[in-house]
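> Spelled out from the first residue to the last, the chains are:
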Amino acid sequence: MSPEMSREIAAPADARAMAAAGADQDEKVRRVELAISSLLRIGVLTSLLVVLAGTVVTFVHHPRYLSNRRDLGPLTKPGAEFPHTLGSLVQGLQHGQGRAIVMAGLLLLIATPVMRVAFSVLAFVYQHDRVFVVITSIVLTLLLVSFVLGRGGG
Amino acid sequence: MTPLLFTVLVFAISVSAGLLGSLLGLGGGIIVVPALTLLLHIDIRFAIGASIVSVIATSSGAAAAYVRDGMTNLRVAMFLEMGTTAGALSGAYLAGVIPVRSLYVIFGVVMGYSALAMFRKRHAELALAMVPADGLADRLALHSSYVDEAAGREIEYQVTGSRIGIGLMYVAGVVSGLLGIGSGALKVPAMDLAMRLPIKVSTATSNFMIGVTAAASAGVYFARGQVDPFVAGPVAMGVLTGALGGSKLLGRLQSSLIRKVFVAVLLWVSLEMLLKGVR
Numbered sequence: 013m014s015p016e017m018s019r020e021i022a023a024p025a026d027a028r029a030m031a032a033a034g035a036d037q038d039e040k041v042r043r044v045e046l047a048i049s050s051l052l053r054i055g056v057l058t059s060l061l062v063v064l065a066g067t068v069v070t071f072v073h074h075p076r077y078l079s080n081r082r083d084l085g086p087l088t089k090p091g092a093e094f095p096h097t098l099g100s101l102v103q104g105l106q107h108g109q110g111r112a113i114v115m116a117g118l119l120l121l122i123a124t125p126v127m128r129v130a131f132s133v134l135a136f137v138y139q140h141d142r143v144f145v146v147i148t149s150i151v152l153t154l155l156l157v158s159f160v161l162g163r164g165g166g
Numbered sequence: 005m006t007p008l009l010f011t012v013l014v015f016a017i018s019v020s021a022g023l024l025g026s027l028l029g030l031g032g033g034i035i036v037v038p039a040l041t042l043l044l045h046i047d048i049r050f051a052i053g054a055s056i057v058s059v060i061a062t063s064s065g066a067a068a069a070y071v072r073d074g075m076t077n078l079r080v081a082m083f084l085e086m087g088t089t090a091g092a093l094s095g096a097y098l099a100g101v102i103p104v105r106s107l108y109v110i111f112g113v114v115m116g117y118s119a120l121a122m123f124r125k126r127h128a129e130l131a132l133a134m135v136p137a138d139g140l141a142d143r144l145a146l147h148s149s150y151v152d153e154a155a156g157r158e159i160e161y162q163v164t165g166s167r168i169g170i171g172l173m174y175v176a177g178v179v180s181g182l183l184g185i186g187s188g189a190l191k192v193p194a195m196d197l198a199m200r201l202p203i204k205v206s207t208a209t210s211n212f213m214i215g216v217t218a219a220a221s222a223g224v225y226f227a228r229g230q231v232d233p234f235v236a237g238p239v240a241m242g243v244l245t246g247a248l249g250g251s252k253l254l255g256r257l258q259s260s261l262i263r264k265v266f267v268a269v270l271l272w273v274s275l276e277m278l279l280k281g282v283r
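Just so you know, the protein sequences line up as chains R and H, in that order. If you want the numbering used here, it's the 1-based position in the first sequence plus 12. If you want the numbering used here, it's the 1-based position in the second sequence plus 4.
Do not rely on the hints blindly, as some may be mistaken.
Examples of chain H residues lying across from chain R (beta carbon under 10 Å, computed) [as the list claims (entries may be wrong)]: (1) Ala-16; (2) Ser-20; (3) Ala-67; (4) Ala-154; (5) Gly-156; (6) Gln-162.
Straight-line Cα separation of at most 27 Å, BS3-like style, residue types lysine-lysine; simulated pairs [to be verified]: (7) H:Lys-264 to H:Lys-280; (8) R:Lys-89 to H:Lys-252; (9) H:Lys-264 to R:Lys-40; (10) H:Lys-252 to H:Lys-204; (11) H:Lys-280 to H:Lys-204; (12) H:Lys-264 to H:Lys-252.
Since the hints were derived computationally from the structure, they do not count as laboratory data. Computed from a prediction, not measured in an experiment: that's the story for all the values here. From the three backbone atoms N, C-alpha and C, an ideal C-beta is built for every residue, glycine too.
If we strip away everything but chain R, and leave its shape as in the complex, we get (with noise of 0.2 Å):
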C-alpha cells in the first residue's frame, strides 16, 4: 500500500475521532454555559428579593419614616449612618436593621459576578484549559481587591 493511500484509509478514521473529541468538548461547554446561566439568574433575583425584605422591615420598624419629613436628611445626605465593613454589616443583621438587610442583598447582587468567575474557574480547569485557568484566576484576585482597595482610597 503507498503511503498516499494508507493516508487516505486512515484520515476518515481520524476524523471521526476527532469530530467524536469535538462534540465532547462543545457539549462540557454548553453545560458550562447553561450552568452560569442559571447562576446569574437566581443570584440577581435571590438579592432583590433580599433588598426587597429589607425595604419593607425598615418602614416596619420606623413607622416614623412613612410621616416625618425631617428623617429623610439623616438617611441620604454625606454622612449618612449605614453599614459599609462587613463587621457592621453582620452586628446589624444580629439587630434585624432593615437596612442591614438591604445592605445584605446589594452584597449578594455585587458577589453574583464574582460567583460566575469563581465558577468559570472551576469550569476550565474542568475543560483542561490552563492559559484560560490563569486569565480567569486573574479576573477573580481583581475583584477580591476591589473591597480591600476601597478602604485605602477612601
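Given the coordinates of chain R, assemble chain H onto it according to the supplied hints.
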C-alpha cells in the same frame, strides 16, 4: 419629603430609567445618575454608588438570557475582563480622589457621546474571512460561531485585534468605575470595530462583561461607604423592573421618531450635567 415618599420616588424614577435605557440599548446607569442628582438632588457619589449596583442587576439578567441562547463569546469575555476589571478598579479609585465638579463634566461628555453613538451608522458585516491574522486570538482559541436567527443559520467568525481590544476595555473599565455606569456604549464599538466580532455577539458579550466590571467598582464603592442602602435598594429594584418591562416592549416599539426624541432628551440632560459641573 418623608422617607416613604422618597423611596417611592426613587423607585419610580429608576423604573423609568431602566425602561428608557433598555429601549435605547443603553444601560439604566447613564440615565439613573442624572435623574437622581438633577431631580432629587441626591449627592452624586451616592447616585453613582447606587447606579453601579443596579447595573449588575440588569446586565446579569440580560446576560443570563444571551448565554443560554449561545450568543455570548465566553472566552473573549473572560480574556477582555482582565482589562475591564483593572480599569474599573482604577476608575473607582480615581472617583474618590477627583473633585465632584469634574465628575459632572466627565459624566456630561460621556453621556452625550453615548447618545450620539447610537445613531452612528454601523459598518456592514464584513466578509468574515477577510479578518487580519491575530496570533494571540489563535492561541487563546477566541474564534467561534453563533446561530443568527435573522439569517437562519450558524455563522462562523474570526476574532482579531485582541491586544487593541483589551487596551480599549481598560479605558471602558475606567469610565465605568469612575461614573458608575456599564459603559456598554464604549465596549460594543471596541469589539465590533477593533476586534471584528459580529454586532450581535458584541452586544451579548459586552452585557456579560458589564456585570463583572461593575462588581469590581461596586466593591470599592461599598468599602468606601458610597452604597447607601436607602438609595441603592429602590434603585436596584426599580432599574431591573424597568429593564424587564423594556425588553418586553422592545419588539413592539421600533419607531425611529421616538428614538430621536429620546436622544434629543439625553443630549439636553448631558448638557445640564455639564453645566452643573462648570457653574
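> Next step is simple, just say for each hint if it's right about the structure.
Against the structure, the hints come out as follows:
no.: 1; hint: Ala-16; in the structure: violated, 14 Å
no.: 2; hint: Ser-20; in the structure: violated, 18 Å
no.: 3; hint: Ala-67; in the structure: holds, 6 Å
no.: 4; hint: Ala-154; in the structure: violated, 22 Å
no.: 5; hint: Gly-156; in the structure: violated, 21 Å
no.: 6; hint: Gln-162; in the structure: violated, 18 Å
no.: 7; hint: H:Lys-264 to H:Lys-280; in the structure: holds, 25 Å
no.: 8; hint: R:Lys-89 to H:Lys-252; in the structure: violated, 36 Å
no.: 9; hint: H:Lys-264 to R:Lys-40; in the structure: violated, 44 Å
no.: 10; hint: H:Lys-252 to H:Lys-204; in the structure: holds, 18 Å
no.: 11; hint: H:Lys-280 to H:Lys-204; in the structure: violated, 36 Å
no.: 12; hint: H:Lys-264 to H:Lys-252; in the structure: holds, 20 Å
Figure legend: structure checked against the earlier numbered hints; hints not met, in rising order: 1, 2, 4, 5, 6, 8, 9 and 11.
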